[in-house]
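Residue numbers (my numbering), protein chains in the order written: chain A, 1 to 175; chain B, 176 to 633.
None of these hints come from the bench; they were simulated from the model. Keep in mind the model is a prediction, meaning the values are calculated, not measured. No residue lacks a Cβ here, since even glycine has one placed at the ideal position from N, Cα and C. A few of these clues could be false.
[What the hints assert, rightly or not] Pairs of lysine-lysine residues, derived as DSBU-like cross-links and limited to a Cα-Cα distance of at most 35 Å, are as follows: (1) B:Lys576 to A:Lys83; (2) B:Lys542 to A:Lys65; (3) A:Lys49 to A:Lys60; (4) B:Lys487 to A:Lys60; (5) A:Lys83 to B:Lys332; (6) A:Lys60 to B:Lys522; (7) A:Lys60 to B:Lys542.
[What the hints assert, rightly or not] Under 7 Å between C-beta atoms, here's a sample of chain B residues computed to sit facing chain A: (8) Leu215; (9) Gln239; (10) Glu375; (11) Val379; (12) Leu440; (13) Ala579; (14) Leu586; (15) Thr589; (16) Leu593; (17) Leu600; (18) Thr604; (19) Ser615; (20) Gln620; (21) Ala622; (22) Ala626; (23) Glu627.
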Amino acid sequence: MYAFFEMMEAIQAFMETGGSVLTWIAALIFVMWILIFERIAFIKFGYKKYEATVRKTWEKRSERKSWNAMQIREAMISRASNKLNENLLLLNALVALCPLLGLMGTVTGMIEVFDVMAISGSGSARSMASGVSKATIPTMAGMVGALSGVFASTWLSRSAKREAELLEDHLTTDH
Amino acid sequence: MKSIFKRLLTAAALSTTMTTSVFAAQENTAVNLDQLLTQLEQGKLFQNTQNEQREKEFLAKKAQQVQMLNEADARRTQLTQRSESLETTFEKNEIELANLSETLNNRMGSLKELFGVLQQVAGDMQGKFENSIISAQYPNRGVFLDELAQKMGQSSKLASVEEIERVWFELQREMTESGKITRFDAPVMNADTGTKNQQEVVRVGAFNLVSNGKFLEYVKQTGSLAELSRQPSDRYLSTASAVQEQKGELVEFALDPTGGSILGLLVQAPNMTERVEQGGTVGYVILAVGLIGLLIAIERFISLTIIGGKIKRQLKQATPSTNNPLGRVMKVKTDNPTADSETLELKLSEAILREVPKLARNLTFIKIISVVAPLLGLLGTVTGMINTFQAITLFGTGDPKLMAGGISQALVTTVLGLVVAIPTLLLYTVLNTRSRGLISILQEQSAGIIAERAEQGE
Numbered sequence: 001m002y003a004f005f006e007m008m009e010a011i012q013a014f015m016e017t018g019g020s021v022l023t024w025i026a027a028l029i030f031v032m033w034i035l036i037f038e039r040i041a042f043i044k045f046g047y048k049k050y051e052a053t054v055r056k057t058w059e060k061r062s063e064r065k066s067w068n069a070m071q072i073r074e075a076m077i078s079r080a081s082n083k084l085n086e087n088l089l090l091l092n093a094l095v096a097l098c099p100l101l102g103l104m105g106t107v108t109g110m111i112e113v114f115d116v117m118a119i120s121g122s123g124s125a126r127s128m129a130s131g132v133s134k135a136t137i138p139t140m141a142g143m144v145g146a147l148s149g150v151f152a153s154t155w156l157s158r159s160a161k162r163e164a165e166l167l168e169d170h171l172t173t174d175h
Numbered sequence: 176m177k178s179i180f181k182r183l184l185t186a187a188a189l190s191t192t193m194t195t196s197v198f199a200a201q202e203n204t205a206v207n208l209d210q211l212l213t214q215l216e217q218g219k220l221f222q223n224t225q226n227e228q229r230e231k232e233f234l235a236k237k238a239q240q241v242q243m244l245n246e247a248d249a250r251r252t253q254l255t256q257r258s259e260s261l262e263t264t265f266e267k268n269e270i271e272l273a274n275l276s277e278t279l280n281n282r283m284g285s286l287k288e289l290f291g292v293l294q295q296v297a298g299d300m301q302g303k304f305e306n307s308i309i310s311a312q313y314p315n316r317g318v319f320l321d322e323l324a325q326k327m328g329q330s331s332k333l334a335s336v337e338e339i340e341r342v343w344f345e346l347q348r349e350m351t352e353s354g355k356i357t358r359f360d361a362p363v364m365n366a367d368t369g370t371k372n373q374q375e376v377v378r379v380g381a382f383n384l385v386s387n388g389k390f391l392e393y394v395k396q397t398g399s400l401a402e403l404s405r406q407p408s409d410r411y412l413s414t415a416s417a418v419q420e421q422k423g424e425l426v427e428f429a430l431d432p433t434g435g436s437i438l439g440l441l442v443q444a445p446n447m448t449e450r451v452e453q454g455g456t457v458g459y460v461i462l463a464v465g466l467i468g469l470l471i472a473i474e475r476f477i478s479l480t481i482i483g484g485k486i487k488r489q490l491k492q493a494t495p496s497t498n499n500p501l502g503r504v505m506k507v508k509t510d511n512p513t514a515d516s517e518t519l520e521l522k523l524s525e526a527i528l529r530e531v532p533k534l535a536r537n538l539t540f541i542k543i544i545s546v547v548a549p550l551l552g553l554l555g556t557v558t559g560m561i562n563t564f565q566a567i568t569l570f571g572t573g574d575p576k577l578m579a580g581g582i583s584q585a586l587v588t589t590v591l592g593l594v595v596a597i598p599t600l601l602l603y604t605v606l607n608t609r610s611r612g613l614i615s616i617l618q619e620q621s622a623g624i625i626a627e628r629a630e631q632g633e
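So that you can see chain B by itself, here it is in the shape it has in the complex (with noise of 0.2 Å):
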């Protein structure tokens, strides 16, 4: 309580000192209180007068202000007079409105209905004529119907005779030119350049556009036409080349009978590069490891051909020669004319054992990348199923196509070992028979071919 007082007492302390200040600012003349002093009493003086003569003024201005009031009166009473009659016009009106209104729907009757239908065919077909590839041959047809739609729909207006033969001219044309092949120039955007030439388009119905033996399509947001950017296989593009040129005889066409959606989802399916670039990295290797084995297999295949129809040329000839593994074997009998039987077969099976790597060279290679290819592609699956897992753990299981690029990796390193597994494994297997059929006959049958030259000889 006394805190209180106290910050009161110095508040009005604080006011009486800035009040003090500000009269010293105004009258800075004043030096003295008695100066001061005289100066208000002047002050009071001049006011007084002021104020008198305020009063006498507006006295005489009283007069004035009734005669303003009684004009203000008058005014107000004339308005609400107008106000009400206009109200009584605006219900009469209302009123008259309805009746002409009522008069019309009477007289309207069915043709009501008939401009519902032509509204609602109206706004279909626009719909319709979007999407049909019919409109790179007439374009802007949309826009009329768009236009005849909206008027109908405000119910002032009422379609004329020439709008609703129009309605029936266009879909009249658009049932007519579904059943026809025909030619006509327009711009087409180029697939690799991106640049617009003018050209000839065929339109097969309602259902292919083709240019240039290449597949159309319709860009329905731009009304313009575009080479897909994926064409079909071969087998259809040939039809569309051959459609284009055929002079009044029937051709085979490859028709989309869902007017583009195919071929548009043909955009989407990968191709066979897209497809092993899925594989990533493990795909990478394991066709690597692939390639190598193919390279060491070709190289196996000649070199075993060569010495395979040298030996078998040996076989023939009585006198060896050392080009060939059986000749340098069967050289150990010429070169050893005297060595006892035991002798010779030693060194007949050392040289022998000198001509088996040279055959077998290179094979377990390609038996070791048959094996490894497959287990890659496994190694694949596993890291495209983590892959898949993680991005459930980020994204959750709504939408499949976040998983798709796992599971992709996953079958496609499979695929892909499995396609280096198969050849190497065939290869292996014709390579293998080939050198062990050399080598049996280096093993088993050198002794024998040389003891019948040798009976021959005798």
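Chain A with its partners taken away, still in its complex shape (with noise of 0.2 Å):
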């Protein structure tokens, strides 16, 4: 319990010296898991469910050679490989954002900076300090952030791809 405390202080001290930036790149990076893993859940679970019953439905029909079967079989994989890249467009560009927003914590950051250097006049290094680490900070989340997301995203797409070319084998014409 008390190590919890201690860690939630660390993070808490962490966030304040990274500035509001941080707070949005830690938002990001959060609602970029959550799809991760939603992705992850559905790939495994949920899709091999829905896989199982459009093979089921091929195969209880009376012909699979006509016009009309190779229409509908087109669809059925359409509609699967819909529900396998469904969000993954919206995983990549939040990868894509995590470095911006951490390039508007620099900016922002280098904004504090000048500001101290307008008011007090001087180039004091100690009264710079804050808004120095406010810069530094969120972009090394930023970073962080799109690398984890980069990985996920990109194995995540893979699977899908593969995953609909299986079901497209395993969806035959002749037998």
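The two chains are supplied separately, each in an independent frame; assemble them into the complex guided by the hints.
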């Protein structure tokens, strides 16, 4: 319990030194990882069930070679692919936003540094330190968020593509 | 040599002519030389008698002058004697004075040190009172101290017991008052209207002055109170009104422990609109572009939602209606019931091609804005840096405040670029996902949906 409080305090201190932009980055990374986990859970569990029902409906058809059948098969694959790719574009956009927000933190931090310079009229490193940490910490956080997201999103799009191709193979026309 | 001689001659000639002309002017009655001669002769005679008369007068006065000289001599001796006697008295007095001041020193002893301390304390206190906000409640405290310090500066004057006690009292009062929250009525300068109103002021120790839910500043030059032209954020302002309305219970209060310096800096810090203004033309261009992007995004969002809803309703209905893209595509099948599959497919893809641009319209524009905004920000950065370097060329690097304008332009435009780019990028992604979903329903599923309907109908 004590260790937990200590950890929370450390996190709070870190967020304060990073400034308000860091809060935005934290929220962004949080949303990003929620999406990533949702996608992983869907591919591992939800999609398996869906694929099974799709395959069953296809197998139940009396004939699988007519024009109608081909069109229905296309539609089925497209729907499955839509389900697999849902939110992936948004995820990619969130990954791209991470460094941008980090850059924004850098610039707002630098503005604070120059404000301190303009008001105090001196280049005292001690008084500028808070602005500098507000400039650098969000940059780092943005980079960390983007890096962590890039791997996940790449893996997710590859699995989505593979699953869609697998479904196409499974919905056979002749047998 | 010759030329000099010549010049002299001419000068002599000139002077003679001048004297003659003068004579001619004086004796205009003399018409010829003989008359002039007689006139001269008469003049000489007259002058001689005059001179003789003068001589007589002078001789008569001679005895009188001797007497006057004797009198002056006697007076001088008398005065010299007096000066000598005065000098001796002066010397005697000086010695006596030295003796007396030595006695004074001896008698004052440790008191002298006390007066020195008193003078120093009075001087220090005056400076302190000038800056202290307690002076707003008790004005003119500094005048007495100032007089006292000046009086003590002269060696001949001593402080009275009343004055010493008053210094003590003022010190004690400052100390006691700095630990109190008090209310008093005072004229306060309104920041908006510039008028003075008599109103209740709450003083929190020696730290803050609050009135009508606003923080006040104490102007030490005039000794008057004024509302700060820029107040701190609402979170802190609410505590100011809370402390004024409190009735003996504990309330939270935002305190400026520096006694006004931090609040004074607040006035210098620019607010949101001033920040945006620092961005200059480029900043406004970025904001305008961002606004355009936002408006397009809103329009797209609304129309895509409406179209999406109609397509969803169409998916549940068997009969195609012409008010939505899917319905129009499905209608191709009902319009051509006898067409073979290949013709049907061609007709379908033609219908789809007609629908796609409507769904994807303007989305690229939002995408372009999200890319252009940071670039514009970069442009602002560079122009701002150019301004900075121009300032350096003109004024040197001595004063960072001169460079601040260009630097803040550089940074503010970058921030504005990002502020526009981040939401536009997000909006583009969301809208693009929506439109692609609808397009994929048209492109990949419309034929399938038609086929399903056909099979259900059989």
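Each hint tested on the structure:
no., hint, in the structure
1, B:Lys576 to A:Lys83, "violated (57 Å)"
2, B:Lys542 to A:Lys65, "violated (43 Å)"
3, A:Lys49 to A:Lys60, "holds (17 Å)"
4, B:Lys487 to A:Lys60, "holds (26 Å)"
5, A:Lys83 to B:Lys332, "violated (99 Å)"
6, A:Lys60 to B:Lys522, "holds (30 Å)"
7, A:Lys60 to B:Lys542, "violated (45 Å)"
8, Leu215, "violated (95 Å)"
9, Gln239, "violated (86 Å)"
10, Glu375, "violated (33 Å)"
11, Val379, "violated (25 Å)"
12, Leu440, "holds (6 Å)"
13, Ala579, "holds (4 Å)"
14, Leu586, "holds (5 Å)"
15, Thr589, "holds (5 Å)"
16, Leu593, "holds (4 Å)"
17, Leu600, "holds (6 Å)"
18, Thr604, "holds (4 Å)"
19, Ser615, "holds (6 Å)"
20, Gln620, "holds (4 Å)"
21, Ala622, "holds (4 Å)"
22, Ala626, "holds (4 Å)"
23, Glu627, "holds (6 Å)"
The earlier numbered hints that this structure contradicts are 1, 2, 5, 7, 8, 9, 10, 11.
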